[in-house]
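Chemist: In order, the protein sequence lines correspond to chains U and A.
Using our numbering, you'd call the opening residue of the first sequence number 1 and step up by one each time.
Using our numbering, you'd call the opening residue of the second sequence number 1 and step up by one each time.
Simulated from the structure, these hints should not be mistaken for laboratory data.
Treat the numbers as computed from the prediction; the structure is a model and nothing was measured.
Among the clues, some could well be false.
[What the hints assert, rightly or not] Partial chain A-side listing against chain U, Cβ under 8 Å, derived:
(1) 1
(2) 6
(3) 11
(4) 13
(5) 14
(6) 15
(7) 19
(8) 25
(9) 79
(10) 152
[Claimed, not checked] Counterexamples of contact, computed for chain A against chain U with all Cβ distances above 10 Å:
(11) 3
(12) 10
(13) 20
(14) 32
(15) 47
(16) 111
(17) 150
(18) 185
(19) 209
All C-beta atoms in this analysis are idealised placements derived from N, C-alpha and C, irrespective of residue type, glycine included.
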Amino acid sequence: MRDTESVSWEELMRAANRGDGRAYARLLTEVTPVVRGIARARGAALGADGCEDVVQDVLLTLHLKRQSWREDAPLRPWLYAITRNKVIDAFRARGQRVTLPVEDLAEVLAAPEGPDPLEARDMERVIGRLDPRSAEILRAIGIAGDSTAEVGARLGLSEGAVRVALHRAFKALKRLRERMIE
Amino acid sequence: MKTAALIAALAADATPRAGVGGRMLRALVPALALSALALVLLWGPRAGLAGVLASPLVVKTLLPLGLALPALALVRRLARPEAQGGLPGAVLAGLAALLALAYALALARQGWAEAAAQWWGLSTLTCLLSVPLLALAPLAGGLWALRAGAPAHPARAGAAAGLLAALASAAIYTLHCPEDSPLYLPVYALAMLPVVAAGALLGGRLLRW
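Construct the entire structure; sequences and hints are all you get.
Modeler: Have a look at this one:
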């Protein structure tokens, strides 16, 4: 699958579920503006930073729950359902209740990030609460763009151990985010 | 952390993982084996079990097993964030209505007194206690499997897992149960109820995402 080719989200997700990291990165990159569009349209009261927190929450949830998408189903309804849930959570964290009919979400326009990418505050706060090594692995791969092999070589870990640590870090982030909401 | 950085980190964790279905298989098979083993060792099979299973009375075991299939489909469906009960839910509701109708007809034919005599059978209390006990392992397995899902309604998904566990447990308990009158059916239904309620309660807590 070449990067310039037009590929459906369903195909990308199926490839991702078989371990294709490049297809997965492309899918996440393509769904992000759509999720951001919904977050900004339905969560305007959260502010631009708050909306970016929702976007990152959706990406994290999508990642950990990606097996709940049935491979023969369209991806969008699944994505909208997760996004809707996370917008509701964001309001709940502020003590507010909102109702969002799923049908409305499909009509929202996608929102690009804009010239100055936003730093989501909540994610940074929960990363700060991870154990130092998990946080280091997460930042090295995400921000510095290192491969799992490079991180492993630096920390004296096998590539497999880095992968396991990375996955555990995402699960821990999710738990910490949930605790912030309650 | 910027969103692009998060995406890069997430994409590095693309190792395939088991979904709800895979985890169901992994958890329910040993859980059911455990319950069946417990029945054989602690309750004991009923006298002449082989003969019973070769007779039309085998329906008593096949009925909950048959209902467990749409219940399994319902659990898997309710594990998805965008799904409602759909076809499996409708099938289950239809079958339950059919059973209730058949029961009402049997009741009309044989009378309340006969039915009440069956309800207060010697093993009624055992049934009411055994079905929930034998459902513990499959319920735990089902809820664990559902933790990989993202149910739109956690309590409902938990209740479906409870129903599945209760049906499987009921099928196992029939291997011990000495009551053979169809009029006994409501005792089973009553015995399954706490399992469904426990599933709903636990699901509401454990399956939120």
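Chemist: State for each hint whether it applies.
Modeler: The hints, checked one at a time:
1. With a cut of 8 Å, the hint placing residue 1/A at the interface with chain U holds, because the nearest CB-to-CB distance is about 5 Å.
2. Nearest Cβ of chain U to the Cβ of residue 6/A: about 5 Å, under the 8 Å cut. The hint holds.
3. Hint status for residue 11/A: holds, given a least beta-carbon distance of 4 Å to chain U, under 8 Å.
4. At its closest, the beta carbon of residue 13/A sits 5 Å from a beta carbon of chain U; the interface hint therefore holds under the 8 Å criterion.
5. Because the beta carbon of residue 14/A sits about 4 Å from the nearest beta carbon in chain U, less than 8 Å, this interface hint is met.
6. This hint holds: residue 15/A has a C-beta 6 Å from the nearest C-beta of chain U, less than the 8 Å allowed.
7. A hinted interface residue such as residue 19/A counts as satisfied when its beta carbon comes closer than 8 Å to some beta carbon of chain U; here the least separation is about 3 Å, so the hint holds.
8. Against a cut-off of 8 Å between C-beta atoms, the interface hint on residue 25/A is violated, since the closest Cβ of chain U lies about 13 Å away.
9. With its C-beta approaching chain U no nearer than about 6 Å, residue 79/A sits inside the 8 Å limit, and its interface hint holds.
10. Nearest Cβ of chain U to the Cβ of residue 152/A: about 6 Å, under the 8 Å cut. The hint holds.
11. Under the 10 Å C-beta cut-off, the non-interface status given to residue 3/A relative to chain U is violated; the minimum distance is some 6 Å.
12. The Cβ of residue 10/A sits about 5 Å from the closest Cβ of chain U, inside the 10 Å cut-off, so the non-interface label is violated.
13. Distance check on residue 20/A: its Cβ comes as close as 7 Å (rounded) to a Cβ of chain U, failing to clear the 10 Å threshold; non-interface status is violated.
14. Every CB of chain U lies more than 10 Å from the CB of residue 32/A, the least distance being 23 Å, so the non-interface label holds.
15. The beta carbon of residue 47/A is kept farther than 10 Å from every beta carbon of chain U, the shortest such distance being approximately 46 Å.
16. Its beta-carbon lying about 49 Å from the closest one in chain U, residue 111/A satisfies the requirement of being farther than 10 Å from that chain.
17. Once the 10 Å rule is applied to beta carbons, residue 150/A is inconsistent with being away from chain U; the minimum gap is 4 Å.
18. Non-interface status of residue 185/A relative to chain U is upheld: no Cβ of that chain comes within 10 Å, the nearest being about 35 Å off.
19. Not every CB of chain U lies more than 10 Å from the CB of residue 209/A, the least distance being 6 Å, so the non-interface label is violated.
Checked against the numbered hints above, the structure violates hints 8, 11, 12, 13, 17 and 19; every other hint is satisfied.
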